[in-house]
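Protein chains in written order, with the working numbering: chain S, 431 to 703; chain R, 6 to 285.
Hints in this document: simulated from the structure, not taken from any laboratory.
Watch out, some of these pointers could steer you wrong.
[Unchecked claim] Computed footprint of chain S on chain R, listed as stretches where at least three residues anywhere in the stretch have a Cβ under 8 Å from a Cβ of chain S:
(1) 11 to 20
(2) 29 to 42
(3) 71 to 83
(4) 101 to 113
(5) 190 to 198
(6) 228 to 235
(7) 245 to 255
Backbone N, C-alpha and C fix where the C-beta goes; we use that ideal spot for every residue, glycine too.
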Amino acid sequence: MASPLALVLTVFLVAPIVMIVIVSFWGATEFSIYPAFQFDNYAFLFGSEVTYRVFLNTFKYAGITWVFTLLIGFTVAYFLAFHVRSLKWQIALFLLCTIPFWTSNIIRMISWIPFLGRNGLANSTLISWGVVDEPLEWLLFSDFSVILAFVHLYTLFMVVPIFNTMMRIDKSLIEAATDAGATGWQTLWHVVIPLTKPGIMIGTIFVVTLVMGDFITVRFMSGSQSANVGRMIQNDIGLLQYPSASATAVILLVTVLMVIGLLLRLVDIRKEL
Amino acid sequence: MSEPRPKSFYALATFFALFLIFLYGPTITIAILSFQGPGGGLTFPMRGVSLHWFRDLFQEQAVGDIWGSFSRSFTLGLMVMVTTVVVSVMGGLAFRKRFKGSGILFYLIITSLVIPSILVSLGVGLIWSQSGLNVHWSTSGFGAQLTWTLPFGLLIMFAVFNRFDQSYEEAARDLGASPWQTIRHVVLPIIAPSLIGVALFGFTLSYDEFARTLLTSGSRNTLPLEIFGMTTNVTTPVIFALGTLTTVFSFLVIGLFLLVVWWMDRRRKAQGSDAGQGLV
């Protein structure tokens, strides 16, 4: 029964990874690539200061996005799970939060232009309120807009798993805490958050890997002015430098898997489904 | 009567409302701006109201092969949807027992979910080009997208089967049903609403997928690729009009799926037996 699954994953997941690892040792001319076994691509990568800066930038995006998506996602899920009282409303509002997931990310990125542009809504509002005299230039095509778009696109990856774990918390535990004299904050900190940890971890894995592997949001929202690892790979692909792109991809994959391995030590996903 | 709502409720409700505005505000804005007058630009103010930009979409070829790419995306979405449902159900059934390699396969599913999408795109593209094949959306693109939709389908199936009451199957077996009959007449009807969910994931994730199709679809673009191409050279609200149309289309698809789930649920309740309910 599992053979179709194994077949698809072998051909379109395992084989591509193997291929990338192989090609990462190949050589390239300006027009073509040729089989070889050389460490030039890696040597170049590790010897270049740009690589470290770009990786640092990638971690920066992932870290900042993680903080915001976690805070927003937790608050939203908490409201849905503990303050909305009827199941019908919970489902309806939950769906409202998840529907954008099934629409196009690219369109959702484009949608920020009328807001953040030089003559966009944000600037004209700020000017009319007298907060600033001139339009702010850093609203669009900056790190700010990149992170805003990440938070916009990926917060629901936090909401869904956190809401899912919260719904399984036995409400009598909360009552017990209240009866024992705990304040709202104490209940939140000592009861709800520890029990929600698995959901938080799963959301974290989603957000961190999506941001670390992204190239399109960074390219579009920064107006090609910022770089992360995905952009670096895409640049090489554009120049037909597949071996060098592959080497970068291998390092990216190893980095992502290491981060996940670290997170998985903290939670057993299989138990939480 | 229920107790009065605590103060925190109102604070959180406000936060939630703001979150929804954050989530939907931009989309609504471009929907409004797509009705710009012919002289209008990408931002407010509106210079008149018209259907000019929608008409543009339907007329000229200047904006590229939109309808061709739409029909490719739609076909591909259906292909991915059907495959995702079938493979996920089979995988879900298989994973109820341990089998040889189940541990490895589970980790592959997780890897498939978290691997940066550009790796799949690059790897599949390289395999195709090195074996002298031409990448095409219906072969390499199709497979690359499955690595994104299958993990979601399988995770849903795992969740479903974790909660599945196996006594139904035992009952069917005791009554002499063959394994296939048990699946066909007992298991599938019970998990049907979840299958609609898997289908929704399969179709919409494929329809909107960009990164995994980037290097695997060849010269014939899917719609997200076409739209992305437009962002670099189209500076008129025609792109908002297209964005609005595809978002409306996505909403229709989501609505349709939700409607089917709701309808199945109702039918089940109407047909459900009340045997035993008077006993307790």
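Now the hints, each set against the structure:
1. 11 to 20: holds (count 6)
2. 29 to 42: holds (count 7)
3. 71 to 83: violated (count 0)
4. 101 to 113: holds (count 6)
5. 190 to 198: violated (count 0)
6. 228 to 235: holds (count 3)
7. 245 to 255: holds (count 5)
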